[in-house]
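Protein chains: 2
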Amino acid sequence: MLPVALDAMGGDKAPDDIVAGAHRAVAELGVGVLLVGQPEVLEPLAGDLEVLPASEVIPMSADPGSSVRRMKDSSLVRAAEAVRDGKASAMISAGNTGATMASALLRMGRIKGVARPAIATPIPVPGSTPTVLLDAGANAECQPEWLVQFAQMGATYARARFGVAEPRVGLLSIGEEDTKGNTLVKETNRLLRGRSDVRFVGNVEGRDLMTDAVDVVVTDGFTGNVALKTLEGGMRFVQRAILERLTATPQLQAAFDVVWPALLPLATDLDPDTYGGAMLLGVDGVCIISHGSASAAAVVNAIAVAQEMVAADLVGALREAVTA
Amino acid sequence: MLPVALDAMGGDKAPDDIVAGAHRAVAELGVGVLLVGQPEVLEPLAGDLEVLPASEVIPMSADPGSSVRRMKDSSLVRAAEAVRDGKASAMISAGNTGATMASALLRMGRIKGVARPAIATPIPVPGSTPTVLLDAGANAECQPEWLVQFAQMGATYARARFGVAEPRVGLLSIGEEDTKGNTLVKETNRLLRGRSDVRFVGNVEGRDLMTDAVDVVVTDGFTGNVALKTLEGGMRFVQRAILERLTATPQLQAAFDVVWPALLPLATDLDPDTYGGAMLLGVDGVCIISHGSASAAAVVNAIAVAQEMVAADLVGALREAVTA
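Chains as they are written, first to last, in our numbering: chain S, -14 to 309; chain U, -14 to 309.
Among the hints, erroneous ones may be present.
As the list makes no split between identical chains, a pair holds if one copy fits it or if it spans any two.
The calculated DSSO-like cross-link candidates involving lysine-lysine, where the alpha carbons are at most 30 Å apart (straight line), are [stated by the list, open to error]:
hint, residue 1, residue 2
1, 165, 57
2, 72, -2
3, 97, 57
4, 72, 165
5, 97, -2
6, 171, 72
7, 57, 72
If you are wondering where the hints come from, they were derived from the structure by calculation, not from laboratory data.
No experiment lies behind these values; they were computed from the predicted model shown.
Just need the whole structure built from these sequences, with the hints factored in.
Set out below in structure tokens:
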């Protein structure tokens, strides 16, 4: 397998933790990693790893479209080109999400027939496979036909990644009835009801995301991003509140030391790092968007997912699944 | 003060828990409660409380508009009429949310100048006042001008209910930059930036809902409802997961018995019952929409909030705040 192109300059903890993750992935997974970025920064950290030179770095807050067009020698653009040119099997970045999407879209191009790529994010469902939420933020405004393609792509991804044989697809709404929701939801519901290639189980609500009621949840990128960040914020809040309360007295601290090992797997399940990041579905190559706060462990997970999705020929399966 | 009209037939636990809540509220708060519903059901439970007869009950799942138009002698319609006719100071229901809105809207009418009433829901922020989220579900599709009114009404509510002197208002989006979001958000941002009567702090994200970064979060009713239910689902999931894990062995159970009293206030803070329910802002009267699962304790809280908002002349303050 070709190496994975890793944007070594992107993310809050770049380059140190990103490169550390690459070294661990090479050792643990036996996969090749191509570090993309400024040679003067990366050479001292790279060891045996190959560096693909890119002189520019797109800042986390830069405007995606214009920066990708202007900064042709940026690590993000070079990583996407490495996939396009057959030098890498997949790209990964924890940098500017919009610029990662734009680089992938402009350099790799779309899978034929795909109207809009979408970001697919696994939502943890302990005791079951994660729920795939898409679009988690690529398209703030959507057409019903795009959501039908998101359903096709999300189901393909749930199958390839989590081994769900016949993924149940739900449409995010504000009530289970077909007649509830906004115009986009009502029209998408009608289209999905008419399809035989998607196992559509109807409208679902925000409270279903963390349950095993459904395997794939389809929505527009605005709603999906709000739901995802609301959930992340809520989880972070509860974890912090529990830690604070259970370390307030020595007696609580002692009890905390007993219960913490039992709670730790839950914290891991809920940690976005566990799943390595989101996947940009619909571009002509494997593209993983990691959390901006991605740690070395998150990078290892992301590289593992990339390797797995390349081996499973996710892109080929998406090409089969999507109808124009 | 006039009594509060309580739809004694609405909610999963009606009529027993609803009426029990009414009795407790009368004893604890010294407020009058008018039980609205079927006399043959309510008389045996009512004791000293007055019953306002209504022969029909709108089912939880009925279509709101048509059922309110058809069932003129329903408990919901009669409760709204009691407020309109000066027989009650406020109405409360844990029944069909859409039908509660429709009853209030059709019988009480709107405050002059209000384009659309909105549901305002307090989101718990332990250690601080709650964040008021609106619209939490009344209007699946919104115009920018309505969201400006939601900002005015939400700030008025945060002031009257939680004593926030100058409420900071945020607009729910998918990034803090003014240029991010969908068309509705971009246009609303522009309108709010131009107003001096709203303390607009800019766009906020889902993760800010449970923090003290902002006092009021404005959004359309589709996004608001999805965010609220996502958060509720996430909180419920974590509570269940913690309970399961910490009662798995006798040793964990013993530690759990120590930590649980420290965690209980957190669980209470996160319980939707604590705030008594959501408020329908913009109708010409106080209208509280309780959770369908409302317990007797939730009913007591809802009656307390109704009493407080009548005493504070919330409706008068809203009339002053909203510009057409």
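Checklist entry - Can you tell me if residue 97 and residue 57 fall within 30 Å by alpha carbon in one copy, between copies, both or neither? => result Close inside one copy (25 Å), not across copies (56 Å); limit 30 Å.
Checklist entry - Quick one: residue 57 to residue 72, C-alpha cut-off 30 Å, is that within a copy, between copies, both, or neither? => result within (17 Å within a copy, 72 Å between copies)
Next on the checklist: With identical chains, the pair residue 171 and residue 72 could be close in the same copy or across copies; at 30 Å between alpha carbons, which is it: within, between, both, or neither?
Outcome noted: neither (44 Å within a copy, 40 Å between copies)
Checklist entry - Is it within, between, both, or neither for residue 72 and residue 165, if the alpha carbons may be no more than 30 Å apart? => result For residue 72 and residue 165, neither the intra-copy (48 Å) nor the inter-copy (34 Å) Cα distance is at most 30 Å.
Next on the checklist: Regarding residue 72 and residue -2, is the shortest C-alpha distance of 30 Å or less found within a copy, between copies, in both, or in neither?
Outcome noted: within (26 Å within a copy, 63 Å between copies)
Checklist entry - Is it within, between, both, or neither for residue 165 and residue 57, if the alpha carbons may be no more than 30 Å apart? => result between (46 Å within a copy, 24 Å between copies)
Next on the checklist: For residue 97 and residue -2, with the copy left unspecified, which applies at a CA distance of at most 30 Å: within, between, both, or neither?
Outcome noted: Answer is neither: 36 Å inside a copy and 54 Å across each miss the 30 Å cutoff.
Hint compliance for this structure: hints 4, 5 and 6 are not met, and every other hint is.
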